[in-house]
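If you read the protein sequences in the order shown, they are chains A and B. Straight run, no breaks: the first sequence in the numbering used here ends on number 224. Straight run, no breaks: the second sequence in the numbering used here ends on number 473.
It should be emphasised that the hints constitute simulated quantities derived from the structure, not laboratory data. Treat the numbers as computed from the prediction; the structure is a model and nothing was measured. Glycine included, each C-beta is placed from N, C-alpha and C at the ideal position. Any given hint could turn out to be false.
Have a look at the derived ranges for each label pair, beta carbon to beta carbon [unchecked claim]:
id: 1; chain 1: A; residue 1: V49; chain 2: B; residue 2: W238; range: 39 to 49 angstroms
id: 2; chain 1: B; residue 1: T246; chain 2: A; residue 2: W196; range: 48 to 58 angstroms
id: 3; chain 1: B; residue 1: V381; chain 2: A; residue 2: G85; range: 29 to 39 angstroms
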Amino acid sequence: MTLARAALLVTGKDLRIERRAKVTSSQILPFGAIVLVLFAFALDPDRGVLERAAPGLFWVAVLLVSLLAVSRAFAIEVEHGARDGLRLSGLDPAAIFLGKTFAVALQLLALEVVLTLGVVLLYDVSLRSLLPLVLATVAATVGIAATGIVYGVLTVGLRLRETLVPLLVLPVVTPVLLGASRAWEASAVGAPGEAWPWVALLSAFALLAVAGGMLCFGTLLEES
Amino acid sequence: MTLLPRGATIALGWVALAALVTLTLLGLWVAPPDAVQSDAQRLMYLHVPTAWLAYLAFAVTAASSALYLWPRTRAVVWDRIAGASAEIGVMFTGLTLVLGALWGRPIWGVWWAWDARLVTTAVLFFLYIGYLALRRIPGDANDTAVRSAIVALIAFVDVPIVHFSVTWWRTLHQEATVFNPELSAQISGTMALTLWFGVLAFTVLYLYLLSKRYELAAMADELADVELEVAIAERIGEPVGAGVARVEP
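Produce the complete structure using the sequences and hints provided.
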């Protein structure tokens, strides 16, 4: 079985579980939406602060949401000894990593589409240069998902993991928050030239996170 | 059990103490006040060595983590050094930030500035606080060591990316207002000597603390082993069936 096919099997499994359990759509998505509303309460919408801060607020919301998505991605492996099944399946650990990362990235992208609508409608933001915006978003999402999956498997089965994962993941993804927010700002004001360097940075981060994850996932899955 | 021979650790402790007393004398009385920053500049004799020590400590953590992960060099000694060094690193990163803020207030007029070096140091602080939190979670010793080693290496790779992205961010959007070239004039003479002496003194202090912390970690491991043996011996000594009554439903 090729790496891609094995990875898609794992992705398919995770997405099938989501389709049946609907945790992302019925819990994580509303959480993201309420975060956007909370920002509006915190920063008076009438003073134009929200509109100017929108790119950063959007990505902070995405980071918070991604923590829940990662937590969920490993919660489904805990019950009924699913993790042992995964380990004994004979699938290449790198493929399992890619599969889970892809599943989380796809769910995050879906959440981001809805949150983007929320930002456009609630914060009155206009997004002008769409191509760098989309590329930056995809690269940032892959970077966040891959990092999250590495820390997810690293802490799976540990006591206190719920409180530990945010502390471990958030400092590591600070460059993603920085790059994605700047790329969005540039796109919002219609200056794509300023967005491209950040797209490159985000892509480099995503590649590094995916490569690193493929490298160490086998060791971590065995230790967990 | 110990990283260095006992005598060497004790000697290091005394040398470190003598060096720190000398540094205090040099920094507070021998070195002249700075022409621009006057006495506030004396904080640099602590700030620069603590920052150096933090970086040194994290580099040692990364190197020993890599040595632990490499199957041929895997030994508990690397894990203990990694943990001990990270603890020292976090403490001195914290000190660096506090001393920097104390210096920044009179010189820059602000406690904190969103400069690349400051932001990177703050992220570094959080990365290794997470690392220490992970280490504290009880579990199989080897599992914990492998997990911690991977987290330490991720942190080590991440720091340059953070620094790069923050530098880029600040240079793309605003002029460097803080590191004005006129302010960071060349230093020489007694001031340079004091600074270098400070770096040396803190390096000796680092070696002493590392050795002591290593000893403590080894003792904690030994204690855990002894407690386990005692518990097993007690359990064996109990009459047959005695444990059954205590089984919780």
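Here's how the hints hold up against the structure:
A beta carbon spacing of about 58 angstroms between V49/A and W238/B contradicts the range 39 to 49 angstroms that was offered as a hint. The beta-carbon spacing between T246/B and W196/A, approximately 54 angstroms, falls within the hinted interval of 48 to 58 angstroms. Hint check: V381/B to G85/A, Cβ distance near 32 angstroms, so the stated range 29 to 39 angstroms holds.
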